[in-house]
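Student: The lines below spell out each chain.
Number of protein chains: 2
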Amino acid sequence: MGKDVADLIVGVLGGTGDQGRGLGYRLAAAGNPVIIGSRSAERAEATAAELGSGVRGMANADAARESDVVIVAVPWEGHRDLLASLAGPLAGKVVIDCVNPLGFDKRGCYPLPVQAGSAAEQAAEVLPDSRVVGAFHHVSAVVLLDPEVTTVDLDVMVLGEDREATDLVQALAGRIPGIRGVYAGRLRNCGQIEALTANLVSINRRYKAHAGLRVTDV
Amino acid sequence: MGKDVADLIVGVLGGTGDQGRGLGYRLAAAGNPVIIGSRSAERAEATAAELGSGVRGMANADAARESDVVIVAVPWEGHRDLLASLAGPLAGKVVIDCVNPLGFDKRGCYPLPVQAGSAAEQAAEVLPDSRVVGAFHHVSAVVLLDPEVTTVDLDVMVLGEDREATDLVQALAGRIPGIRGVYAGRLRNCGQIEALTANLVSINRRYKAHAGLRVTDV
Numbered sequence: 313m314g315k316d317v318a319d320l321i322v323g324v325l326g327g328t329g330d331q332g333r334g335l336g337y338r339l340a341a342a343g344n345p346v347i348i349g350s351r352s353a354e355r356a357e358a359t360a361a362e363l364g365s366g367v368r369g370m371a372n373a374d375a376a377r378e379s380d381v382v383i384v385a386v387p388w389e390g391h392r393d394l395l396a397s398l399a400g401p402l403a404g405k406v407v408i409d410c411v412n413p414l415g416f417d418k419r420g421c422y423p424l425p426v427q428a429g430s431a432a433e434q435a436a437e438v439l440p441d442s443r444v445v446g447a448f449h450h451v452s453a454v455v456l457l458d459p460e461v462t463t464v465d466l467d468v469m470v471l472g473e474d475r476e477a478t479d480l481v482q483a484l485a486g487r488i489p490g491i492r493g494v495y496a497g498r499l500r501n502c503g504q505i506e507a508l509t510a511n512l513v514s515i516n517r518r519y520k521a522h523a524g525l526r527v528t529d530v
Numbered sequence: 313m314g315k316d317v318a319d320l321i322v323g324v325l326g327g328t329g330d331q332g333r334g335l336g337y338r339l340a341a342a343g344n345p346v347i348i349g350s351r352s353a354e355r356a357e358a359t360a361a362e363l364g365s366g367v368r369g370m371a372n373a374d375a376a377r378e379s380d381v382v383i384v385a386v387p388w389e390g391h392r393d394l395l396a397s398l399a400g401p402l403a404g405k406v407v408i409d410c411v412n413p414l415g416f417d418k419r420g421c422y423p424l425p426v427q428a429g430s431a432a433e434q435a436a437e438v439l440p441d442s443r444v445v446g447a448f449h450h451v452s453a454v455v456l457l458d459p460e461v462t463t464v465d466l467d468v469m470v471l472g473e474d475r476e477a478t479d480l481v482q483a484l485a486g487r488i489p490g491i492r493g494v495y496a497g498r499l500r501n502c503g504q505i506e507a508l509t510a511n512l513v514s515i516n517r518r519y520k521a522h523a524g525l526r527v528t529d530v
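Protein chains in written order, with my numbering: chain F, 313 to 530; chain Y, 313 to 530.
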């Protein structure tokens with residue numbers, strides 16, 4: 313890619329949701345150019361204006377085209393169709409999937425069954441010309457969006473098949489103060505990382521926390 | 313149960329394997345009476361003698377009968393049949409399943425599909441009169457068995473349906489120096505905790521580590 317990680321333009325598809333806004337906010341604060349993508353260019357622009365730090369807003373396809381690296385933060389419902397429609401603009405790029413396919417009922421949160429094995433593997437299926445990496449699953453949007461929080465206390469697990477791509481995403485994660493990117497396996501091991509978010513929801517409920525994970529001995 | 317957690321007799325089914333030996337060693341060192349169970353009483357006795365600290369060895373059924381709390385550390389293959397055969401002696405007891413259904417191939421480690429959802433849920437299916445808790449999935453046997461390691465640096469995620477049982481297992485985990493037991497959800501969220509061991513294997517391979525997890529903000 314050639315560019316330094318600090319100069320990479322980061323697009324965030326579904327960037328008007330909590331997770332997307334939080335990641336866009338933190339990466340822009342770290343100095344990366346950020347583009348919020350949304351189905352509606354107007355809503356993307358409104359979110360961008362709200363986030364400040366020079367963040368721009370565009371329709372998803374334009375955000376995909378203009379960015380060097382793209383974070384997928386769209387709702388699980390519609391994930392496959394949206395990505396399939398963007399296979400052209402996303403070709404050749406590193407695509408970071410942070411989607412957690414989860415359901416909620418009166419007993420709490422639980423992982424939804426995913427035919428491809430994981431959201432990240434589904435992304436890889438419909439984006440054969442992109443380098444898909446799974447990451448940023450466990451970061452709390454509440455924490456990311458809280459301007460009082462100056463250090464985010466967790467490790468981001470980074471999964472993928474391509475060493476150059478996972479190294480890049482680890483470095484990008486590490487630009488957010490407090491966060492460390494840790495390589496955590498191939499995409500076939502991403503399903504349990506996504507599903508683990510249901511456990512963090514259970515932990516948060518029991519302990520009134522915004523739990524994250526740290527990997528010890530690394 | 314009435315007894316203090318320090319006085320609970322802990323049985324370890326499949327206690328001659330690395331994980332079972334490691335947990336037996338640490339809990340005996342913490343002062344709990346420990347019984348190693350095995351298909352063969354002779355092998356159980358040999359392992360018990362090797363572990364010292366007053367650990368006893370018995371056939372699995374006797375170990376189940378004599379113990380207050382039972383850790384299931386048997387191989388995934390045969391897990392269902394062994395537990396079904398012990399439903400009688402395990403009735404009314406807290407049964408801690410730490411089994412990780414994993415496969416290995418030349419690309420590394422991956423989670424096996426489990427019809428019940430998880431080993432812990434399979435245990436609950438065949439032990440309807442026991443209180444099944446999932447825990448101790450991520451502790452490295454190498455670390456547990458290393459007498460040079462005085463503090464084990466990780467949190468044990470504890471999952472179950474019964475608050476009294478998960479509280480007890482959290483307290484039991486906390487008896488091993490360095491370990492903290494953290495409630496991490498219902499049994500339906502245990503599959504990804506078991507599968508996550510495949511990610512720890514990937515992390516260990518990449519970083520030459522014995523990785524564990526800590527939960528932040530708790």
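Read the hints as simulated data drawn from the structure, not as lab findings. Any given hint might turn out to be false.
Copies of one chain are not kept apart here, so a pair can be met inside one copy or by any two copies together.
As the list claims (entries may be wrong) - Mimicking DMTMM-like on lysine to aspartate or glutamate, the simulated pairs with C-alpha atoms at most 25 Å apart in a straight line are: (1) K418 with E354; (2) K315 with D374; (3) K520 with E473; (4) K520 with D458; (5) K520 with D465; (6) K315 with E473; (7) K418 with E460; (8) K315 with D458; (9) K418 with D316; (10) K520 with E389; (11) K520 with D374; (12) K418 with E473; (13) K315 with E389; (14) K418 with E476; (15) K520 with D330.
Student: My question is about K520 and D330: at a cut-off of 25 Å on alpha-carbon distance, are they close within one copy, between copies, both, or neither?
Tutor: The answer is within: 19 Å in one copy meets 25 Å, while 36 Å across copies does not.
Student: Give the relationship of K315 and E389 under a CA distance limit of 25 Å: within one copy only, between copies only, both, or neither.
Tutor: neither (34 Å within a copy, 49 Å between copies)
Student: Between copies, within a copy, both or neither: which fits K520 and D374 at Cα up to 25 Å?
Tutor: Result: close neither inside a copy nor across copies, 39 Å intra and 42 Å inter.
Student: Taking 25 Å as the upper bound on the Cα-Cα distance, should K418 and E476 be classified as within, between, both, or neither?
Tutor: between (42 Å within a copy, 21 Å between copies)
Student: Measure nothing new, just compare the shortest in-copy and cross-copy C-alpha distances for K520 and D458 to 25 Å and report within, between, both or neither.
Tutor: within (16 Å within a copy, 36 Å between copies)
Student: Quick one: K418 to E460, C-alpha cut-off 25 Å, is that within a copy, between copies, both, or neither?
Tutor: This pair counts as neither: shortest intra-copy Cα distance 32 Å, inter-copy 46 Å.
Student: Go through the copies and call it for K418 and E354: within, between, both or neither, with a Cα cutoff of 25 Å.
Tutor: neither (36 Å within a copy, 49 Å between copies)
Student: Using 25 Å as the alpha-carbon threshold, which applies to K418 and D316: within, between, both, or neither?
Tutor: neither (47 Å within a copy, 34 Å between copies)
Student: My question is about K315 and D374: at a cut-off of 25 Å on alpha-carbon distance, are they close within one copy, between copies, both, or neither?
Tutor: Intra 20 Å, inter 65 Å, cutoff 25 Å: intra-copy only.
Student: First find the shortest C-alpha distance between K520 and E473 inside one copy, then the shortest across copies, and answer within, between, both or neither for a cut-off of 25 Å.
Tutor: Classified as between; 19 Å across copies, 36 Å inside a copy.
Student: Pop the pair K520 and D465 into one bin, within, between, both or neither, using alpha-carbon distances up to 25 Å.
Tutor: both (16 Å within a copy, 23 Å between copies)
Student: Within a copy, between copies, both or neither: which one fits K520 and E389 at a CA-CA cutoff of 25 Å?
Tutor: neither (28 Å within a copy, 38 Å between copies)
Violation of the numbered hints given earlier is confined to hints 1, 7, 8, 9, 10, 11, 13; the remaining hints are satisfied by the structure.
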